[in-house]
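*Asks:* Listed below are the residues making up each chain.
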Amino acid sequence: MANRFFSREHLIKCLLVVAAFSSLLFLFIIFAFILGEGLPLFYKVGVIKIILGFTWAPTKGFFGIFPMIVSSYMVTLGALIFGAPLALGCATYLSEYASRRMKLFLKPALELLAGIPSVVYGFLGVVYIVPLIREYLGGPGFSILATSAVLGIMILPTIISISFDSLMSVPPTYREASIAMGATKWQTICNVVLPAARSGILASFILGMGRAVGETMAVIMVAGNALRIPMSLLDPLRTLTSNIALELAYAAGDHRSALFSTGVVLLIIIMILNFVANFWVKRKVTG
Amino acid sequence: MRLNPRFTDKFIRGALLFQALFTVSILVFIVFIVFIKGAANITPQFIFSYPEDMGRHGGIFPAILGTVFLAVLSIALATPLGVGTAIYLTEYTKESTLTRIIRFGVESLAGIPSIIYGLFGFIFFVIKLKLGWSLLSGTLTIMIMVLPTIIRTAEEAIKAVPRNLRIVSFSLGATKWETVTKVVLPSAAPGILTGIMLSVGRAVSETAAVIFTMGSSLRLPTSLLDSGRTMAVHFYILAREGISLEKAYATALVLVVSILLINIAAYYTMNKMIGRYS
Numbered sequence: 032m033a034n035r036f037f038s039r040e041h042l043i044k045c046l047l048v049v050a051a052f053s054s055l056l057f058l059f060i061i062f063a064f065i066l067g068e069g070l071p072l073f074y075k076v077g078v079i080k081i082i083l084g085f086t087w088a089p090t091k092g093f094f095g096i097f098p099m100i101v102s103s104y105m106v107t108l109g110a111l112i113f114g115a116p117l118a119l120g121c122a123t124y125l126s127e128y129a130s131r132r133m134k135l136f137l138k139p140a141l142e143l144l145a146g147i148p149s150v151v152y153g154f155l156g157v158v159y160i161v162p163l164i165r166e167y168l169g170g171p172g173f174s175i176l177a178t179s180a181v182l183g184i185m186i187l188p189t190i191i192s193i194s195f196d197s198l199m200s201v202p203p204t205y206r207e208a209s210i211a212m213g214a215t216k217w218q219t220i221c222n223v224v225l226p227a228a229r230s231g232i233l234a235s236f237i238l239g240m241g242r243a244v245g246e247t248m249a250v251i252m253v254a255g256n257a258l259r260i261p262m263s264l265l266d267p268l269r270t271l272t273s274n275i276a277l278e279l280a281y282a283a284g285d286h287r288s289a290l291f292s293t294g295v296v297l298l299i300i301i302m303i304l305n306f307v308a309n310f311w312v313k314r315k316v317t318g
Numbered sequence: 066m067r068l069n070p071r072f073t074d075k076f077i078r079g080a081l082l083f084q085a086l087f088t089v090s091i092l093v094f095i096v097f098i099v100f101i102k103g104a105a106n107i108t109p110q111f112i113f114s115y116p117e118d119m120g121r122h123g124g125i126f127p128a129i130l131g132t133v134f135l136a137v138l139s140i141a142l143a144t145p146l147g148v149g150t151a152i153y154l155t156e157y158t159k160e161s162t163l164t165r166i167i168r169f170g171v172e173s174l175a176g177i178p179s180i181i182y183g184l185f186g187f188i189f190f191v192i193k194l195k196l197g198w199s200l201l202s203g204t205l206t207i208m209i210m211v212l213p214t215i216i217r218t219a220e221e222a223i224k225a226v227p228r229n230l231r232i233v234s235f236s237l238g239a240t241k242w243e244t245v246t247k248v249v250l251p252s253a254a255p256g257i258l259t260g261i262m263l264s265v266g267r268a269v270s271e272t273a274a275v276i277f278t279m280g281s282s283l284r285l286p287t288s289l290l291d292s293g294r295t296m297a298v299h300f301y302i303l304a305r306e307g308i309s310l311e312k313a314y315a316t317a318l319v320l321v322v323s324i325l326l327i328n329i330a331a332y333y334t335m336n337k338m339i340g341r342y343s
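Chains as they are written, first to last, in our numbering: chain A, 32 to 318; chain B, 66 to 343.
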């Protein structure tokens, strides 16, 4: 009896171990298959010709994705310029000024923004932001500016929730000491709270960038998807993600491999961003 | 010129409040626009009939059911795996290199963008495992994608259960597993449920990972190996290919309302959990 009892507990523990390792297994096969499909082309064509190549004509043997790397970089930076100040303002208001009741209303409302599907953001960008830019600033409207604005809105919830958490983790005694020394609330926030929460806020920006660089469907809709390096804020562009999504359905052979190579580059960028963000968050905990 | 600090203080307070309200107004604007433009086309016929002419006429019944199938199946698979992982991490091990590696895996999965899931699902499930563009390929892809959400929320919920409850259960002679199933999990249930609902929301709103694994067939999937489309995919195709703006807005309305309801329910459940232990 006791023996059977033991073995049942043991079996359950084994099942739980299997469950716990499934995430690692999935991560491994995702990497194995993306790299397995994407890396051979780097050997065949050459890393330089892909990463620094200007021409994307995959059916003719040109696999240059440099314009897309530049475009992804630009819209990610643009999204941060649009989104970060607004998000940080929201987080600061929520943690430092909002009353309990205000918080109870604002926090869920801001989190609901994260639930809106990216296709809806993209579509409303096409209907409202693109024509606005076309009419008042010129160009086709499908542009870096439109994409940055849409992405800037989409990364708000990420930045708000993570920087809010890091602002809330600043001990109240810091604030009390500053107020006791005669500082106003804003002086306290500027000189004490924000510097103390600095690393968490930076991490939130980096994770927001990760969200922006990985976003696909909304970008396809507002970016215009042109195959060249955008020279002005009003030029259309194609990002790494949209390159994959636009052509995957019909690509074959080396063309398809090239889309996986694009995926490899994207994956490397994301991994670097996550690593940096983790590094910052960890430093906050230890220091 | 030096500004009076008290005046600056008031001004900043107003400016920050404005930023917060502006951000909320983006949400209000989106919901408002979708309602105004979509509500007129929402009829019982739109909900319960099949699309005709690529979606130019008719309804979105198969897309609604396709969304439900995908969400229910993928979450049904992800929940035992995710909750099992959370139980293992919190109840069966101490913090060690091993748990750090597992957590690293979960964090990394969470950071991978959905288009990469789409690429992976396409090459692995659709092509290598020869499942084709099918409900099954979509389900397995979305299952992996939502796993980190379920694990992290379940872990938080289980950690919030007071230690005393476990000690009492052990002292009554219960085994570890009995304690987990009869004491810990019931107490953590609302928190776990929150993660499940958030995951359903993600499955419903996802497009990039679904379109390359489940495909975009307009027919109702009747087996696991049938292709189908979700509302999000249907909306994307209607809007991007300019098939019908009216139908696109109506689809967006159904989509946005279902996601808002799911997320509000998740938030409500989480508050119940917080209320229980603090």
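Keep in mind that a hint or two might mislead.
The calculated PhoX-like cross-link candidates involving lysine-lysine, where the alpha carbons are at most 25 Å apart (straight line), are [to be verified]:
#, chain 1, residue 1, chain 2, residue 2
1, B, Lys75, A, Lys134
2, A, Lys138, B, Lys247
3, A, Lys44, B, Lys75
4, A, Lys44, B, Lys193
Facing chain B, from chain A, some residues (calculated, C-beta under 7 Å) [said to hold, decoys possible]:
#, residue
5, Leu42
6, Leu108
7, Ile112
8, Phe113
9, Ala115
10, Thr247
11, Met248
It is worth saying that the hints were derived from the structure and are not from the lab.
Ideal placement from N, C-alpha and C gives every residue a C-beta, glycine not left out.
*Asks:* When the structure is checked against the list of hints, which entries are broken? Sort them ascending.
*Replies:* Failing hints, ascending: 2, 3, 4, 5, 6, 7, 8 and 9.
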